[in-house]
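Q: With these hints in hand, go ahead and build the complete structure from the sequences.
Protein chains: 6
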Amino acid sequence: MIYLTRRERFCAAHRMFREEWSDEDNHRIFGKCSNPNWHGHNYTLWVTVKGEPSEEYGFVMNINILKQIILDNIINKIDHKNINLEVDFMKGKIATTESLAMAIWNELVPFVEKTGASLHCIKIEETENNSIEYYG
Amino acid sequence: MIYLTRRERFCAAHRMFREEWSDEDNHRIFGKCSNPNWHGHNYTLWVTVKGEPSEEYGFVMNINILKQIILDNIINKIDHKNINLEVDFMKGKIATTESLAMAIWNELVPFVEKTGASLHCIKIEETENNSIEYYG
Amino acid sequence: MIYLTRRERFCAAHRMFREEWSDEDNHRIFGKCSNPNWHGHNYTLWVTVKGEPSEEYGFVMNINILKQIILDNIINKIDHKNINLEVDFMKGKIATTESLAMAIWNELVPFVEKTGASLHCIKIEETENNSIEYYG
Amino acid sequence: MIYLTRRERFCAAHRMFREEWSDEDNHRIFGKCSNPNWHGHNYTLWVTVKGEPSEEYGFVMNINILKQIILDNIINKIDHKNINLEVDFMKGKIATTESLAMAIWNELVPFVEKTGASLHCIKIEETENNSIEYYG
Amino acid sequence: MIYLTRRERFCAAHRMFREEWSDEDNHRIFGKCSNPNWHGHNYTLWVTVKGEPSEEYGFVMNINILKQIILDNIINKIDHKNINLEVDFMKGKIATTESLAMAIWNELVPFVEKTGASLHCIKIEETENNSIEYYG
Amino acid sequence: MIYLTRRERFCAAHRMFREEWSDEDNHRIFGKCSNPNWHGHNYTLWVTVKGEPSEEYGFVMNINILKQIILDNIINKIDHKNINLEVDFMKGKIATTESLAMAIWNELVPFVEKTGASLHCIKIEETENNSIEYYG
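Protein chains in written order, with the working numbering: chain A, 1 to 136; chain B, 1 to 136; chain C, 1 to 136; chain D, 1 to 136; chain E, 1 to 136; chain F, 1 to 136.
The set of hints was computed from the structure by calculation and includes no laboratory data.
Certain hints may be false.
Said to hold, decoys possible - With a cut-off of at most 25 Å between alpha-carbon atoms, the simulated PhoX-like pairs for lysine-lysine come out as follows:
1) B/LYS123 with F/LYS50
2) E/LYS32 with E/LYS93
3) B/LYS123 with E/LYS50
4) C/LYS93 with C/LYS77
5) D/LYS91 with D/LYS50
6) E/LYS32 with D/LYS91
7) B/LYS67 with B/LYS123
8) D/LYS67 with D/LYS123
9) F/LYS123 with B/LYS67
10) F/LYS67 with F/LYS123
11) F/LYS93 with B/LYS50
12) A/LYS77 with E/LYS67
13) F/LYS32 with C/LYS91
14) A/LYS123 with C/LYS67
15) D/LYS50 with C/LYS123
16) E/LYS67 with D/LYS32
17) A/LYS50 with D/LYS50
18) F/LYS114 with C/LYS32
19) A/LYS91 with A/LYS123
20) C/LYS32 with F/LYS77
21) A/LYS123 with D/LYS123
22) F/LYS114 with F/LYS50
23) F/LYS77 with D/LYS67
24) B/LYS93 with B/LYS123
25) C/LYS93 with D/LYS50
Claimed, not checked - From the structure, some residues in chain A lie toward chain C, with a derived Cβ separation under 7 Å:
26) SER54
27) SER99
28) ILE132
Note that CB positions come from ideal geometry on N, CA and C, so glycine has one too.
A: Next comes the structure, spelled out in structure tokens:
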């Protein structure tokens, strides 16, 4: 079994909050991340797939196909966007990195499986200090 | 002459646009950076000061003092904020990294000079690929 | 299950040696790392916890609480200190990165468990080239 | 159980292709990586071994021994070389990063096992964006 | 005056040698970099331009235009290529990073000047340890 | 004129203090960096030389010669050592990064000049956040 990882990056605005709470409550729970005027990040995304390298080509999956799947289904929908307002697969969710990792998993899994490989891990780094991993 | 550099980081939302232009014109000039719903970045800021190391202490400037000047005057005002809406020293300016570097220079110069050192350079990295330097 | 990782850094002096051995024997086993006058490193520490994101907040654990647990119990006791002489949780141990990872695990595990999450991994990078992981 | 990782780097030329295919077919499958005039990379290699730290020394394995095993058996044979033409353990294989990771695993496993530790993972980064992991 | 830097990357094969010398002489001068079977690198290129930010747009130069100039004139001609055999602007030159920096300067200078900005610096990193800067 | 930079790294212990001051005074000025039991860092050193590339070889200076000059005169004397106690060129100086940069400049300048190139800059990074440059 071989694990193949592709890194992509995107810049986006977000805010962590629950609509039904007051600004004070949101600030108490989510701190400065609940700022009503938004803030943003350079997110780094690592998508890991696994499988056995084919005898014919010697790779698990053509990395350009993996790259294209990620660009079409994630990066082009989220880069330079507002995660809370404009990203269809995040609608109705709190815009934590945890939710984002699970949503990206759900978006990618059918496209990765069509190639014969399996999705193994979604890792997102929000800052140099904070990151999330999700294995489905 | 010795050059001393302190790195700090902040996360913020911004949008590049001119209010008097249409959304189409803003998009034509500023591309996806003019998204009306904001986007954001993890900015990295390097502040370089210069001077001769004192004989008594062996340093140009106490790096903890430099750090505190940057935190008080820049980071605490801009981190997890919206640069266009909430940062006093960016009011009325287009939120380009160029404008930001010049504004940060102007904010820091009196505080650095009070210490006996000189401000030499403001460098800001918006993404791994794009950065700006300003020498006053 | 979601894995959440927080990075913190500290600078410390150490020496690898066994008191009951001669300097020559220590040098034979531990090489230049046994220098009796100490040497030091910028250590990078990654603490990974795991759990299910709560429905209410959308995160596994408030990252600011995790950060505070690490600062209070590890960083404030080890940063700018001598690991062999001054760090209570390393008393009587050889100051290898392996021992350090296990000791940090033991320090953190009760505080992490009180939050409802589980401690998953302690990773320490001693230099760009050498690192250690411990999963309990 | 402790996991110990050593990073080493090498620069090499390669080309992805199957001799029995035409240049056009190779280009269709392998894209610009099949360029007949070669191209190259700065590869980063992480070798992870696992074991229990000895009571006597406090480490899983002397990192200088691990370093020497990697230099003797991998780096000195592949650094500044052509992977397709000059590296004995890659003879007859398609020069994908997948094949490289498996071949390096096979080269290292007997030398690591002689030390009493176990080989756990070979990770190779071909570029900042693309990497491979192999666990045997 | 503001300095704006764009980073781009490319992977290429090269060999340092003079055709009129023997392999032994080339090896004596250029070491393992003269390997007749080629080797390669992930090169990182930073292009710095300078100018005054326009009042209208607030930037020195549209970074997307700078990016496109670099892609069209450098990256698309050198990425996944053999620098000695396939890159027109390196024909007849020894493939050192020094020559490469000067050649890239010459390629870019007319295109940058047409935009109203000035070319300030070409920086190339061949490995984490070795880099070159050229200011014209 | 071409600028060539070589990066090397070393790990060392140090303490910032003046012997004639009390521990309290040292702590007031130098903070936790004056810890009497030492602390340490992974220092990164960049040495930049400048000159015109020779027509014969196409480089400013053989990078392996520059590397050897730095190893012989700096790294082998300071790596895994105590800067205050064991490094001859730092005797009698306060162990600030500023003093270190100036001392390294003085050590290297005669060896670099013998090669026909000129020493341009010594840059030292003490942590990811703090660095010093010295141009002679």
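Q: Output the numbers, in ascending order, of every earlier hint that fails for this structure.
A: 5, 18, 26
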